[in-house]
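Start from the sequences and build out the full structure, keeping to the hints where you can.
These protein sequence lines map, in sequence, to chains A and B.
Anchor point for the first sequence: position 576 equals 576 in our numbering, and the numbering is continuous, going up by one each time.
Anchor point for the second sequence: position 281 equals 281 in our numbering, and the numbering is continuous, going up by one each time.
No incorrect hints appear here.
Here are a few chain A residues that sit away from chain B, every Cβ distance over 10 angstroms (derived from the structure):
(1) I16
(2) N67
(3) A79
(4) T179
(5) I236
(6) L246
(7) G272
(8) L351
(9) I457
Here are the computed lysine to any residue pairs in the SDA-like style, where the Cα-Cα straight-line distance is at most 25 angstroms:
(10) A:K497 with A:E386
(11) A:K560 with B:K264
(12) A:K506 with B:V346
(13) A:K2 with B:E171
(14) B:K360 with A:G508
(15) A:K497 with B:E174
(16) A:K267 with B:H253
(17) A:K387 with B:E174
(18) B:K223 with A:N534
(19) A:K563 with B:S196
(20) A:K555 with B:S196
(21) A:K555 with B:R312
These aren't lab readings, by the way, just hints derived from the structure by calculation.
Where is the CB? At the ideal position from N, CA and C, for every residue including glycine.
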Amino acid sequence: MKNKVTKRILFAVFAIALCVAAYFAADLAFFQYDDPLERASLTIINDGEDLSFTYDNDAITLHGGDNTTVYALTYGGTAVVTDAYTENLPSDFMGSFAAVQTDGNVTRIAKTDMEYTQGYTTAANLFLSDEIPFEVAYADREYFTVYFNGEPLSNVEITVTLSDGSQKTVTTDKSGNITDLDLNDVRGGLSFTYISDTQNTYILHYQVEADTIFTARWLSAMLPFGIIILISVVCIVLDVFLRKLLYQKEKMPVGKTAITAKDTRKKRILPGFETVRWIVMILSFALLIFGSRLTGTVFSNVQLPVLACPYNLDQLTSAGCYYFSHPDVLFTEGWQEILAFFGTFIVCAVLLGRVLCGFICPLGFVQDVAHEARQALHIEGVSLNEKMYTVLRLVKWIMLVIFLGIGFVGGNFCDFCPAAAISPALAGFKLSLGLGGFFMIIVIVSSFFKRRSFCNICPLGYILGLTHKASLFKLKKDAVACTECGACYEACPMGIKSIFTVREGKKGELSKIDVTTPDCIMCGECVRRCPENNALAITFCGKKVYNADRMKFMKQYAPKPDKYAPFLNHEKSDKYE
Amino acid sequence: MNDYISRQGSAEDRRKARFLNKSSTTAIKYLRKIEDLPHKPDALKPFTDVLKHVFVDMQGAVNPQGVPSVGTYCVMIPPELIYAMGAMPVKLCGGSYTAFNVGDDIAPRDACPLVKAIMGFESIGVMPVYQECQLMAVPITCDCKKKLAGYLAERRNTIALHVPSGRDRDEDMEQYVRELYLFSQKLTEVTDVELSYERLSWACGMTAAAQYELSRFIELRRKYPLAIKGTHYMAAMNAISYTHISLWTRYMHNLCDEIEAKAKRGVMASKENRPRILITGSPIVFPNFKIPLLIEEMGGALVADETCMGERGAYDPPAIVDQSTDGIMRALANKSTRPCTCPTFVDNKRRVYRIMQMLKDYRVQGVIYHVLRGCLVYDYEYQVMEEELGKLGIPIIRIESDYNEEDVEQLRIRIEAFIELIKYGKGSSK
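Next comes the structure, spelled out in structure tokens:
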């Protein structure tokens, strides 16, 4: 009894500590990049080229900058940059520059995107200043809006010159938007030419930051992630050696021997549901990190509810996790945004549910990779039981409270979120990491020893799982075919025990019992490890998509019949025969 | 034999010779009966040879040179672990009538004949397959096995494995994992082989090959009307107890190939109108094959069995989820206890379900519930089974037998009546 009370008190202390840590996550920095302002520098050169900006890491250069005024976008409005030195950049600089040069009846304008600061602002980088008569703004990485004298320019023809010299004529729509441009066209920089009347021609050169992948800049963005991986590896190695040391003298080191081993036996690879899952995971990982770079489009209306970091602007869709953890921000947005958010969520939750966790979530992918690494090394993991899962469930409640509530008390979940360490870094966005960096180390190390450990405490996954009753994917069990061998429970990364213990459906049915729980991520491991024909199946709209099969199960473990010979030769048989 | 006639040697020696003589005579008789059954596949010969090797030629288990044997008693001992530790498991559950008579003097009257036979073998000490075992592993399942463990421990190097009586709780399984680790340490003392991932993985691959062939065999046996006689496949399943699994795998592979080829040609082991019978209950150990033989002699088709010396003995594969030493140990503990339909467990709903599934898979028309005299746990579950099968309209008969041939005629009448009930009576619902 006393022990129980102590445990409860300890847990309460842990819960409060976690909440406090989450609140001050930004101050407990794991890795801090310099302030963009401190890194930034602007050089103006007169090299006779047309007025344009170029990037080189943190240095930005304005070419052909004769008789030009350079403006910087600040929170307070448009500011004039007097000298092209770091110190002289306005203190509330937002990252976008513009330069204007008037040459007779041709007005040349150059403008940069806001990527320079690597900041995330949902609003477009609009100057709307009198000094800049013609302006385009790039919104949501999807469309350009054209402004003339501060008003959207609708239904006019504009010639766009791409970086390779080719020209395109596009027409703006009612609200002044150009939607025909591919994101990859934009990357090299492009010019908009607008002839307002025979007298005046406006040419605007728009530059987003040049390629960020596989450059020195990308490497520096990867630095915190590299550090995380390094520390994780050190932690894992330390753990293995410590366990070996500690349990050396133990007589019964059940599950704690940490025996590392080599296996000479070749594994038979069988294509199946598991292969499909890995392919989908790899694809979605790539798309949720480099998606818009690969495809050239962004589906910003899709607010996919997975832990794909919204700080990464290159992903194919928007991340729904941001509004979940910042509900205060959500209700300041327009109704379209709110509708998109709830619409995507409902569609995803009903159609897919936690399939998103098992197949799409990049953080889940990273955890699975860590798990596979352990499988390849044959290092012993942590064998979890119900007690441990109960604790994890309690931690999940705390995480949920933090996730939904931190926005209201002035904190930012993103500083605490481990997912922020992967996605932006891989896409080349320099993101300073708060406590989330440390958290990511814990996630990698723990998922190395226990598969999908973060998924057990993931608040977003829990919210997605709430609608499992309406979800079209279901896990069905045939209690008569089942021998209750418990392989499914052992295999389940989420520790769902009911799948093994349920013997009868709610209406007393024995076959096609719905054993889907809010925790189920539809990874299919239970079906894969089920040795009984038809005992377990994943169904979509009532149709079986993945079915347990004894012969398939046996093939995972048994060598091909023509390879039985090594077993016979291993211990030579000459006594008999 | 010569000793017996010329009355040479001491009384003890003569007793032993008499024992060997008698038991080999019984074994020969039953082997001949098995071989005389029609539709015997040619590939069955290695299996009957194994039984002949052990029970007639009085040789040890069929294994490669230098592999020590470990005597095991129930399906709760994972063979994978023993193979991994460089030994070979030999299932010693006895079916010998001669040994039963010897054991009758040692064990109490109401003890089951299976345990009496084991005790008889142990006390007479002549069967090489028993004598060559360097370790006896007895899982504590029923009361008789518990006392057997004590009896063996006085004479032999014995380890008792405490099998949990429930299975749904995690602690039960973890307890059995501990038992298996202890068992592995005991095995290390015998074989000098340390527990390692590589050996475990190798052994699991080897048994997986056997179970793959067994699964193939099961799929083939589901073919209608009958791919192989029940008695024949029971002999094949009994042979696994005395054979190194790598050899057994090869025999089974050939047997499957033969049956498959025959089935393709449409050659079946039985006519269509034979009543299809499933046998469940107490284990049927060679040479105690009277019930399967009677079923087939009386015109029934023994399509399936749910006994631990039959299909059950090697049925459950370990699902290795975590590829590490501990992961495999957990998988082994899991597969040894959780899916087991042994009635010694507190809750055994899964046995009812298992039989229901088999009724469907093999299109069973009648169930023979075999109870060895004194086998209380199986007798208890008869009630449940009768009730459940009554709901499905499948007739079931409880048949009690002992290890002697005196009750054969009585059994014959009962089995014949049961088969006729299925054939002509209300029982032929399908």
